[in-house]
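So the protein sequences, as listed, match chains A and B.
First residue of the first sequence? That's 24 in the working numbering, and the numbers climb one at a time after it.
First residue of the second sequence? That's 184 in the working numbering, and the numbers climb one at a time after it.
Just so you know, the hints here were simulated from the structure itself, not pulled from any lab data.
Computed from a predicted model, the values in this text were never measured in an experiment.
Accuracy of the hints is not assured; some may be wrong.
[What the hints assert, rightly or not] Under the rule of at most 25 Å between Cα atoms (straight-line distance), these lysine-lysine pairs were calculated in the DSS-like manner:
no. : chain 1 : residue 1 : chain 2 : residue 2
1   : B       : K439      : A       : K208
2   : B       : K233      : B       : K379
3   : A       : K88       : A       : K208
4   : A       : K343      : B       : K408
5   : A       : K167      : B       : K405
6   : A       : K306      : B       : K408
7   : A       : K163      : A       : K189
8   : B       : K405      : A       : K163
9   : A       : K51       : A       : K26
10  : A       : K346      : B       : K439
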Amino acid sequence: MSKILVHVATADGKIKRSSLEVLSYCRKLADDNGLGLEAAVLDIDPSRYTDALNTYGPDKIYNLKHPIFSNHLSSPVIDAFSLLVEKSSPRLVAFASTESTKEVMGALAARHNAAAIPDVASFTLNGNSVDAERPVMAAKVLSKTSSSSDLVFVSVRSGSYDTAEKPGTAEVEEVAFDFDEAGLKSVLKEVISSAGDKVDLSEAEVVVAAGRGIKDEEGRKLIEDLANSLGAAVGASRAVTESGLFPATLQIGQTGKVVSPQLYFAVGISGAIQHVAGMANSKVIVAINKDPDAPIFQYATYGLVGDLFKILPLLTEQIKQVKAG
Amino acid sequence: MNLSVCIKQVPDVSAPISIKEGTLSQDTDRMVLDAYSASAVEEALVLTEKHGGEVQVVLVGPEKAKETIRKALAMGAASGVHILIEDISGLDSSAFAEILAAWHKKASFDAILTGKQSQDTDAGLTGSMLAWNLELPFAANAVGLQFENDSFIVKRQGDSGQEMVELKSPCLITCSNDMNDPRIPSLKGIMQSKRKTVETVTPADLGIEASALNSDSKTERKGFKEVPGREPGKKFEGEADEMVSNLMNLLENEAKVL
Ligand SMILES: Cc1cc2nc3c(=O)[nH]c(=O)nc-3n(C[C@H](O)[C@H](O)[C@H](O)COP(=O)(O)OP(=O)(O)OC[C@H]3O[C@@H](n4cnc5c(N)ncnc54)[C@H](O)[C@@H]3O)c2cc1C
Chain A
24 MSKILVHVAT
34 ADGKIKRSSL
44 EVLSYCRKLA
54 DDNGLGLEAA
64 VLDIDPSRYT
74 DALNTYGPDK
84 IYNLKHPIFS
94 NHLSSPVIDA
104 FSLLVEKSSP
114 RLVAFASTES
124 TKEVMGALAA
134 RHNAAAIPDV
144 ASFTLNGNSV
154 DAERPVMAAK
164 VLSKTSSSSD
174 LVFVSVRSGS
184 YDTAEKPGTA
194 EVEEVAFDFD
204 EAGLKSVLKE
214 VISSAGDKVD
224 LSEAEVVVAA
234 GRGIKDEEGR
244 KLIEDLANSL
254 GAAVGASRAV
264 TESGLFPATL
274 QIGQTGKVVS
284 PQLYFAVGIS
294 GAIQHVAGMA
304 NSKVIVAINK
314 DPDAPIFQYA
324 TYGLVGDLFK
334 ILPLLTEQIK
344 QVKAG
Chain B
184 MNLSVCIKQV
194 PDVSAPISIK
204 EGTLSQDTDR
214 MVLDAYSASA
224 VEEALVLTEK
234 HGGEVQVVLV
244 GPEKAKETIR
254 KALAMGAASG
264 VHILIEDISG
274 LDSSAFAEIL
284 AAWHKKASFD
294 AILTGKQSQD
304 TDAGLTGSML
314 AWNLELPFAA
324 NAVGLQFEND
334 SFIVKRQGDS
344 GQEMVELKSP
354 CLITCSNDMN
364 DPRIPSLKGI
374 MQSKRKTVET
384 VTPADLGIEA
394 SALNSDSKTE
404 RKGFKEVPGR
414 EPGKKFEGEA
424 DEMVSNLMNL
434 LENEAKVL
């Protein structure tokens, strides 16, 4: 029986929500098409996720244990998946999309003479064809892309599918993975982390995003206060990561991250297509902007036309009261 | 130091788009140098200004794309290579990577720079595929680049935090537009670009048969469709405190997200 193989991304001892979305959808896809579903965990201690994974019903779990996976280099992940592809012969390998999955998928597809379809908003199987839809032209339209290759890699934008539990008991295989660090052609010299790395923006349920309208430190403080009152992650437009008010890791949009929270605040953000490309999938969008014609209002569930310096303190106060109960 | 920069010509994504019978139609047929490619060109120019050497740009595309090569030459690239293919609509990242690999197998360079993705498709695969085809070490999504002791030191934007990665030359680096602000060609640059050489090569020159081109593509584009629209929202104007209580009420009782 042919299979779907899903990469399970982990961070700080937890499986990422985006991977559970992919796993949940692939369980359904596998059932509908009479395929097996396999999950691969690449981690310093992969077996700690087995119970959680069983809630989503994969038939088999591959555990690849290696300390190298805690550094962010792509070549160990590429090697590990090459090994798994040879071992399992899946017809479809699915990842949750992040920036680094693109380079991993490209290398894997070239290495295995396979197809890669990155950042899909949806995909399905029709006979021997994988049919996907992915945003193009700065996410203004969807391109329908298909592949009939024997092996297809896809990565799925976060928020494209809901998580759905389907408890089962997977067969677990510990896969020996040796990685010759001396053979690495690239060397990780240093990781520069910033304050923005604390909360995983792409996984957050609530995001408060700041744009050029916040102007300076005072505006930044107002954003952070609102985010704290909500327990939200802070995001940013390119204008304010470029100016250095917020770290580059927080950029949301075409160059930055794609987010799909339950609630998104766009504060002092005009709504350029390149920003919207990264946040239009949010469930509820609140826009605060003093320009009534700002394009962001076209996407907003609730729009407030006014001065953010007046609105934010009031809003933060009210939210604190609600949260205090 | 000789750097080869793979550049792409893309439609102007900011122009209005409509879909007619599954195909894209734009009010303008204006084509531009892809913003990520432009950052790759800029970074290569900065490096060669500091360490000596030349920048060559390589583009796969139709005759019309020559204007985009000229743009990069006007920025300061020394020469251009135009891999002329009139209809590139059936080609995907795999096919571009095959063609670019065929060219680079004959070329000599210390590093290849590409955009981390392109503005029109956002796929971001060609760089890593090309690196694999040429067996080069690579780093993706660079936001900074230095050259020291025969190695390239890449500052790359990771999913969380930034990483400094050292690559031995020759290698491949994909560039973010967060890396720099590409220079606007000066009048002098534009004049000089007219005297610079652009070598035109065909797939056949690279030993690729025309019929093989489309079969190098592993994916097929079946058309376009609209992005599902969002429900129209509610917009408030007026006093800040009134707007805030309206919003609170809706977040709590309508959207139920607090
Ligand atoms: C290839 C490419 C990729 C890009 N990728 C990204 C990306 O990933 N993410 C991204 O964000 N951008 C990206 N951009 C940039 C994008 O085009 C915009 O330039 C950017 O998003 C603008 O940021 P902004 O909305 O904060 O600033 P602006 O467009 O300057 O908007 C500021 C807004 O603040 C409002 N404002 C000002 N003062 C106040 C106040 N006191 N109260 C309320 N409102 C106020 C103004 O009315 C205005 O609407 C990209 C561009 C390119 C070419």
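Going down the list of hints, with the structure as the test:
Using a Cα cut-off of 25 Å, the hinted pair B/K439 and A/K208 is violated, with the two alpha carbons roughly 51 Å apart. At most 25 Å may separate the alpha-carbon atoms for a hinted pair to count; B/K233 and B/K379 meet this at roughly 21 Å. A hinted pair counts as satisfied when its Cα atoms are at most 25 Å apart, and A/K88 with A/K208 qualifies at roughly 22 Å. Restraint check for A/K343 and B/K408: the C-alpha separation of about 43 Å exceeds 25 Å, so the hint is violated.
In summary, the hint linking A/K167 to B/K405 is supported, as the alpha carbons are separated by about 5 Å, within the 25 Å threshold. Under the criterion of a C-alpha separation no larger than 25 Å, the hint pairing A/K306 with B/K408 is consistent with the structure, at around 21 Å. Distance hint between A/K163 and A/K189 is unfulfilled; the C-alpha atoms sit about 35 Å from each other, more than 25 Å. Annotation: proposed proximity of B/K405 to A/K163 holds, straight-line Cα distance about 17 Å (limit 25 Å).
A C-alpha spacing of about 13 Å is found between A/K51 and A/K26, which places the hinted pair at or below 25 Å, so the restraint holds. For the hint linking A/K346 to B/K439, the alpha-carbon distance of about 13 Å falls within 25 Å, and the restraint holds.
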